[in-house]
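*Asks:* Whole structure, please, built from the sequences with the hints as guidance.
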Amino acid sequence: MRVLVAEREMDVEPGTTLFALRDRVKPGADVVVYNGAPAAADRELAEGDRAVFIRRGEAPSREELEALMAARHTPGVHERVKRAAVGIAGLGGLGSAIAIALARVGVGRLVLADFDVVEPSNLNRQQFFVDQLGLAKTEALAGNLARINPYVRTELHTVRLTPENVPGIFRDVDVMVEAFDRADQKAMLLESFCAAFPEKPVVMASGLAGHASGNSVRVRRLGRTVHVVGDLESAAEPGRGLMAPRVGIAAHMQANTVLRLLLGEGEG
Amino acid sequence: MNIAFKYFAQVRQAAGAESEQIELPDGANLADALAGAAARHGPDFRKLVLDEFGVVRPSMLVLVNGVPAARGGLRKLAEGDEVTLLSAVSGG
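The listed protein sequences correspond, in order, to chains S and P. In this text, residue positions in the first sequence follow my numbering: the first is 221, and each later residue adds one. In this text, residue positions in the second sequence follow my numbering: the first is 18, and each later residue adds one.
Treat each hint with caution, since some may be false.
[To be verified] Reference listing, derived: stretches of chain S covered by chain P, where coverage requires no fewer than 3 residues with Cβ under 8 Å from a Cβ of chain P:
hint, stretch
1, 229 to 238
2, 391 to 404
3, 455 to 467
Worth flagging that the hints you see were computed from the coordinates, not collected in a lab. No residue lacks a Cβ here, since even glycine has one placed at the ideal position from N, Cα and C.
*Replies:* Below is the structure:
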């Protein structure tokens, strides 16, 4: 009969028990999850049962993690996403959340650039932790990504991006993400990247500060290769700060737009 | 020649229109087109799009026919070209 072990089909003899399967598949597993819930007692398996065996503190192998992603995302989607490279300029509230979403979905390579360090004021919205204060954002984020998906390849650039270095740093990405804070830097990235790579898509953001309705944040297609996420108007300014929920909405809309572009689907 | 303009957000408010056609002399470049739009729409539009020297502001996104254009504005335009303007706002 067939059961699913960590989302992969497996043939087992009728009468096989959950713990016998554990001892065969992953001896010494601390945690057994049976049909979606932790299992404390042994039981006989039935056709179609699902089991996951976990050794606490042990990362899944590349093959295990890929099988889980392929099962969740479908194999065709997973293969295309796995082959992709995405550049992210700026690793603040937008960039750190975008990178995490893309690592979770299995993007193969992320080119990450930011000159800054993690500051206490970042923690209200950026995907860093108190024990990372003072670290370069590139290094801190790479560490966090490795804890989520150790098989995503990261290329780190702890530099201030300029019109001169943008083309070299992001020369081989499939999709470019603008995730800066400053408006002039957003324009600089768009202009310098598109001058070098006019056919490559860019996903940028503008208008995401404050706590106005998340429904006003949307994706617009500004040009042939340019998508803009945001309400286009809500600037960060005194009395309207950057806050985790709305920044997170915009970041995940940017990440979803990247995903759709990688899969050959337009947006906006 | 006729150039199409498409405006977003604050630029749209300053222009009072989503889009329009502006007649420019043959051979005009992007800087001429932006100056022409500024002359038509007055000081608020001009202040938003251009600095005191008539140079495109650093936060302005300028596209020609859907492709981001160099802010120097030297690009020559042709009949039927479309110029898109959006002022990026801070936050990230």
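*Asks:* For every hint, state whether the structure bears it out.
*Replies:* Hint-by-hint comparison with the structure:
no., hint, verdict
1, 229 to 238, "violated (count 0)"
2, 391 to 404, "holds (count 6)"
3, 455 to 467, "holds (count 5)"
Hint check: a violation occurs at hint 1 only; the rest are consistent with the structure.
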